[in-house]
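Just need the whole structure built from these sequences, with the hints factored in.
Start counting the sequence shown at 0; every next residue gets the next number (numbering that gives the first Met the number 0).
Everything labelled a hint here was simulated from the structure, so no lab data went into it. All values reported here derive from a predicted model rather than from experimental measurement. Take these hints with a grain of salt, some might be off.
Computed beta-carbon distance windows for the label pairs [unchecked claim]:
| no. | residue 1 | residue 2 | range |
| --- | --- | --- | --- |
| 1 | N37 | E63 | 15 to 21 Å |
| 2 | P44 | N9 | 27 to 33 Å |
| 3 | H10 | E48 | 20 to 26 Å |
| 4 | N62 | I36 | 16 to 22 Å |
| 5 | A45 | M11 | 31 to 37 Å |
Where a beta carbon is used, it is the ideal one built from N, C-alpha and C, also for glycine.
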Amino acid sequence: MDLNRTFTHNHMDREIKFSVTYDPQTHSFSVVEDDSINYMLFYNPANKEWTTSEDPMPTIPVNELALLVQQNFGVFV
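Next comes the structure, spelled out in structure tokens:
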């Protein structure tokens with residue numbers, strides 16, 4: 000089972016490369032943007048909300064990032 004995805008996304012005339020790894024133990028995603036910005040993406044099923052770790056913040060809005068991650072993993076919540 001492949002738990003890694005790499006994809007690009009254009010945001011405000013800038014192409015951003017995302018490398019995402021799913022952690023099945025914590026049900027979270029480790030996200031690396033452009034090989035330099037690293038943070039965690041979490042889904043809370045109780046309130047159906049996506050959040051990220053405090054710092055650094057993602058370049059794109061969290062909900063947009065969550066949708067991209069879901070599309071690339073082929074699983075939607």
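Outcome of the hint check:
no., hint, result
1, N37 / E63: 15 to 21 Å, "holds, 18 Å"
2, P44 / N9: 27 to 33 Å, "holds, 30 Å"
3, H10 / E48: 20 to 26 Å, "holds, 21 Å"
4, N62 / I36: 16 to 22 Å, "holds, 18 Å"
5, A45 / M11: 31 to 37 Å, "holds, 33 Å"
The structure agrees with every numbered hint stated previously.
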